[in-house]
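Peer 1: Take a look at the letters that make up each chain.
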Amino acid sequence: MHESFLKYEKYRYLKLALAISLLSITAYGLHSPTVAPNGGTWLGYTLGTIGAALIGWLLWLGIRKRQYRSTTGTVKGWLSGHIYLGTALTIIATLHTGFQFGWNVHTLCYVLMLLVIFSGFYGLYVYLQYPDQMSHLRKGSNREAMLREMKDLDDAALELAKELGHNVHEVILRSIEKSRIGGGAWQQLTARRLGKDAIRGIEEYLTSYRKNLEENTLFLDHRVLSAGSASAGTRGSEATVMFISSALKDLKSDKFDRVRHLLETTARKKTLLKRIRRDIQLKAILQLWLYIHVPLSIALLASLLIHITSVFWYW
Amino acid sequence: MRAQVNFIARRKKGDTRKTKEFSSRTLRIGRATNQEIFLPDIRVAYEHAQIVEEADNAIYLEAKALSGVRINDEPAASAALAPGTRIGVGSYEIRVREPSPDFDLILDVEQVQTEQATDEALLRNAKIDLAATGLSKRRWSWILFIGILLWFFFIPLVGSYIGPVQKLLKAVPGLPSNNVWNSGDLAPAHHFFQNECRTCHQTPFIRVKNEACTDCHRKTHQHADTAKFEGMENINEARCTSCHEEHNGSGILVRDDTLCSNCHSELSGLLGKDTSVMDVSDFGGGHPEFRVSIPVVGSKSGPGGSVDPAGHRVRVRLSDAKDLKESNTLLFSHKAHLKPEGVRTLYVPKNPEGARVQEDSAGERKILQCENCHVPDSGGFRMQPITFDRFCKDCHRLTFEPVDKNRVLPHGEVDEVVFFLQQYYKSRALEGGFEDPGAPDVVRRRRPGREPLTQQEKREALQWAAEKAREITDQVFMYRSCHTCHNVARGDITASSWNIAPVRIPQHWMPMAVFNHAKHTTMECLDCHKAENSENGSDILLTSIEKCQGCHGGVHDRARLASTCIDCHKFHIGKELFGPDTRATPVVAVKPKPDAGD
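Chains as they are written, first to last, in our numbering: chain A, 1 to 315; chain B, 1 to 598.
It is worth saying that the hints were derived from the structure and are not from the lab.
Quick caveat, the model's predicted, so the values are computed rather than measured.
There could be a bad hint or two in this list.
Said to hold, decoys possible - Below 30 Å or equal to it, Euclidean Cα-Cα: the simulated BS3-like pairs (lysine-lysine) are:
{"#": "1", "chain 1": "A", "residue 1": "Lys151", "chain 2": "B", "residue 2": "Lys64"}
{"#": "2", "chain 1": "B", "residue 1": "Lys64", "chain 2": "A", "residue 2": "Lys162"}
{"#": "3", "chain 1": "A", "residue 1": "Lys76", "chain 2": "A", "residue 2": "Lys10"}
{"#": "4", "chain 1": "B", "residue 1": "Lys137", "chain 2": "A", "residue 2": "Lys274"}
{"#": "5", "chain 1": "B", "residue 1": "Lys137", "chain 2": "A", "residue 2": "Lys65"}
{"#": "6", "chain 1": "B", "residue 1": "Lys64", "chain 2": "A", "residue 2": "Lys270"}
{"#": "7", "chain 1": "A", "residue 1": "Lys283", "chain 2": "A", "residue 2": "Lys151"}
{"#": "8", "chain 1": "B", "residue 1": "Lys20", "chain 2": "A", "residue 2": "Lys162"}
{"#": "9", "chain 1": "A", "residue 1": "Lys274", "chain 2": "A", "residue 2": "Lys162"}
{"#": "10", "chain 1": "B", "residue 1": "Lys64", "chain 2": "A", "residue 2": "Lys274"}
{"#": "11", "chain 1": "B", "residue 1": "Lys335", "chain 2": "B", "residue 2": "Lys530"}
{"#": "12", "chain 1": "A", "residue 1": "Lys151", "chain 2": "B", "residue 2": "Lys12"}
{"#": "13", "chain 1": "B", "residue 1": "Lys570", "chain 2": "B", "residue 2": "Lys547"}
{"#": "14", "chain 1": "B", "residue 1": "Lys137", "chain 2": "A", "residue 2": "Lys76"}
{"#": "15", "chain 1": "B", "residue 1": "Lys339", "chain 2": "B", "residue 2": "Lys405"}
{"#": "16", "chain 1": "B", "residue 1": "Lys426", "chain 2": "B", "residue 2": "Lys458"}
{"#": "17", "chain 1": "B", "residue 1": "Lys335", "chain 2": "B", "residue 2": "Lys519"}
{"#": "18", "chain 1": "A", "residue 1": "Lys76", "chain 2": "A", "residue 2": "Lys15"}
{"#": "19", "chain 1": "A", "residue 1": "Lys162", "chain 2": "B", "residue 2": "Lys18"}
{"#": "20", "chain 1": "B", "residue 1": "Lys335", "chain 2": "B", "residue 2": "Lys547"}
{"#": "21", "chain 1": "A", "residue 1": "Lys139", "chain 2": "A", "residue 2": "Lys7"}
{"#": "22", "chain 1": "B", "residue 1": "Lys570", "chain 2": "B", "residue 2": "Lys325"}
{"#": "23", "chain 1": "A", "residue 1": "Lys283", "chain 2": "B", "residue 2": "Lys137"}
{"#": "24", "chain 1": "A", "residue 1": "Lys76", "chain 2": "A", "residue 2": "Lys139"}
Modelling step: build the complete structure from the supplied sequences, incorporating the hints.
Peer 2: Shown next as structure tokens:
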């Protein structure tokens, strides 16, 4: 998809943008106003008019993309032009300034324009990068399915835990309650809670499970237990889980079978949670630039209106 | 604590409500059947939470399960309960209602999420999308749009119409006055009114009018006489600001050659073939030979060339050798003054007819340099006027009486000289002791006691004095002092009348141009002014344009100094284009008595 809008109609808009840019640069090079180059020479007015018209057209994309019935070109074509002509605008507007900048509304307009364009570049970058990563992450699934899967895992874990006494149930319940996904913009973007709660849930589960083990020692060989403890100290909790899990597997107890299932469920949930959070993060990044691009472009519109009005007010 | 708990179940056929009443210090919430508030949901712990009345009658909720509860949708471990508080436990919601006189605590308990609803809520309510976080493109767009319009347009606008507001806006740093609309610095000369936008921008949306400029620049003239060149719209209708673009910082406001050459490269086409103004395109190659302005003096029989309408001066091209003669009548030889061996410094006449001899300071010679007589003015542009008293009299002493060599004539008016000589000889005759061979005895005799003369003696002495004065005056004017340098014509001798041809040394040979001597000090004077071989005072010692073009090229010249039109010419010459040049004194009348006797 992304290739097609950049290559739209054999780079039609790239060619157009290059032509406009080169024409502007050539005109600027040949133009030799006797005062410092500025927006008030004939070339300045020309470039300014082209620039303002371009900004108007670029802004119109926000409207055009919602007009599903419109037949003025395809949205893909508009987007292609939006990107290339928006890039050309940096050159046209810079030449329009004549490299004169100051603490005024005119330079504000220019700076806002650059911010909008560069946020657009960032948007283009994430659109080229992230959808691939997301589909790779989702592995053919989608977010709704992942969330449902998580819900199913939660329900299954609770169902398993219910039979293992209310301590275990409570630990699982807490883990479910705490392992929230999403949240505020910052949490979505940083995926800050990634995995921590799940790990803590498992650790707490292990603690509680050990207590259970101690209470039910008749099922368990002391040596197996001590070996498990030793390895927990050196190779990390996950290894411990694996070790204990495999140790328990042999015990063929119905209860321990449940525990094993519960552990597996929790491990799956942990992985799933990570994926969902990363998915949310990627989606948030994919969306975030628009939260900058759009309001700034409206701010640009305001400052452009003031720029034009004030210039002709004080003609 | 007396409590009423309403268990509400919503069904399609109508809601059912089951009410239980309790009277105890605690109410327990959980999945265990012994709990007062029994919630059969797998996501609820056996003993999930309890509601406790504290000593101060306040009612609190404490979570006993590690997973805690949700108070008003936020996770919490405990909370004070007040009417309206919503407690979420698993799929249940417990709402606290207003207490009644009978009950301290009234709770509604309802399972708000069915299995299916839970799924949907999970998908719908979870904040897994930026749009759900309260970030809003629309809101920020509006805030920025309105904020920028307010700050950068409406506030400055109000300020520019309401004086006190403007004062405040300009006084407090950071507040937006209409300075935010200022597109760039003014030229330094305009800085003193840079906060007064309306000095120039008098009417909104109307371009700055010329009157805004000429309010101050009253003496700036049009480029050419608008009546005479009425067809030249691009000059006559040009606005000041089409050339003088402001708000471009401290740069100069003046345009360069393109504007000049646009018209001047084809003036014959614009003005007709008989125009005297020649086409000019570029100094490097498209500039005609210079024309010098020669003052028209005395009779009309001056050199040829185009005489200006006022008849003040005639303009002759330097290439026009035939007419290139100065109207100056001074008898002066640059060659004689610039002799390599120098000039003798003091002359005194031995006798009226005899040759001049060097009397004292024998052999003392002075080698004259140009700058001995041509002294730059303080601006360095031109030379100070040549005057006899300043530059000539040290060598050219105006002595007239051999027996009184310290006495010199005043240089100036004829009448003054005549009067001076009359008074001089009168005084000497009456004094006596004047050793002149032709004088009567009464004049030659010494009278130590200043004995008074008789009437007869007096008459005799004065008669001699008058004759002597007349004789010497004629000699001085016609053969000696004056005659050395001036053309003198004898008028009515009985009326003591001599006419000295007026001497005019132009201060400015090309008044339409500006030449700065100070910028050419790397050159020798003689490089341009070929004075060393000039024997005649009427020689014009100016150099051809070719000499200038050796160093100066056109605007785009890279091998030579690129020179623009306005390096030498002014644009705003207007009405004075062909009139007397009031910007400089073009002619210094050393003897300002041009037409006497003519």
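Peer 1: So, for every hint listed, does it hold in this structure?
Peer 2: Quick rundown of the hints versus the structure:
Between lysine 151 of chain A and lysine 64 of chain B the CA atoms are separated by roughly 24 Å; this keeps the pair inside 30 Å, and the hint holds. Distance restraint check for lysine 64 of chain B and lysine 162 of chain A: the Cα-Cα separation of roughly 17 Å lies within the 30 Å cut-off, and the hinted pair is therefore satisfied. For the suggested pair lysine 76 of chain A and lysine 10 of chain A, the alpha carbons sit about 13 Å apart, so the restraint of at most 30 Å is met. At most 30 Å may separate the alpha-carbon atoms for a hinted pair to count; lysine 137 of chain B and lysine 274 of chain A meet this at roughly 28 Å.
Distance check on the hinted pair: lysine 137 of chain B and lysine 65 of chain A sit about 16 Å apart at the alpha-carbon level, within 30 Å; holds. Our distance criterion of 30 Å between C-alpha atoms is met by lysine 64 of chain B and lysine 270 of chain A, whose separation comes to about 25 Å. With a C-alpha separation of about 21 Å, the suggested pair lysine 283 of chain A and lysine 151 of chain A falls inside the 30 Å cut-off, and the hint holds. For the given pair, lysine 20 of chain B sits about 27 Å from lysine 162 of chain A by alpha-carbon distance, which is consistent with the 30 Å threshold.
Pair hint lysine 274 of chain A plus lysine 162 of chain A holds up; C-alpha atoms about 25 Å apart against a cutoff of 30 Å. Distance restraint check for lysine 64 of chain B and lysine 274 of chain A: the Cα-Cα separation of roughly 29 Å lies within the 30 Å cut-off, and the hinted pair is therefore satisfied. As the CA atoms of lysine 335 of chain B and lysine 530 of chain B are separated by approximately 10 Å, the hinted pair is consistent with the 30 Å bound. For the suggested pair lysine 151 of chain A and lysine 12 of chain B, the alpha carbons sit about 27 Å apart, so the restraint of at most 30 Å is met.
Between lysine 570 of chain B and lysine 547 of chain B the CA atoms are separated by roughly 22 Å; this keeps the pair inside 30 Å, and the hint holds. Pair hint lysine 137 of chain B plus lysine 76 of chain A holds up; C-alpha atoms about 22 Å apart against a cutoff of 30 Å. Between the alpha carbons of lysine 339 of chain B and lysine 405 of chain B the distance comes to roughly 27 Å, so the proposed pair stays at or under 30 Å and holds. Restraint check for lysine 426 of chain B and lysine 458 of chain B: the C-alpha separation of about 10 Å stays at or below 30 Å, so the hint holds.
Among the hinted pairs, lysine 335 of chain B with lysine 519 of chain B is consistent with the structure: their alpha-carbon atoms are about 26 Å apart, no more than 30 Å. With a C-alpha separation of about 16 Å, the suggested pair lysine 76 of chain A and lysine 15 of chain A falls inside the 30 Å cut-off, and the hint holds. Distance restraint check for lysine 162 of chain A and lysine 18 of chain B: the Cα-Cα separation of roughly 27 Å lies within the 30 Å cut-off, and the hinted pair is therefore satisfied. Under the criterion of a C-alpha separation no larger than 30 Å, the hint pairing lysine 335 of chain B with lysine 547 of chain B is consistent with the structure, at around 22 Å.
This hinted pair checks out: lysine 139 of chain A and lysine 7 of chain A have alpha carbons roughly 28 Å apart, not beyond 30 Å. Our distance criterion of 30 Å between C-alpha atoms is met by lysine 570 of chain B and lysine 325 of chain B, whose separation comes to about 27 Å. Proximity of lysine 283 of chain A to lysine 137 of chain B is assessed by CA-CA distance (about 16 Å); at most 30 Å being required, the pair is judged to hold. Only pairs whose Cα atoms come within 30 Å are accepted, and lysine 76 of chain A paired with lysine 139 of chain A is accepted, the gap being roughly 27 Å.
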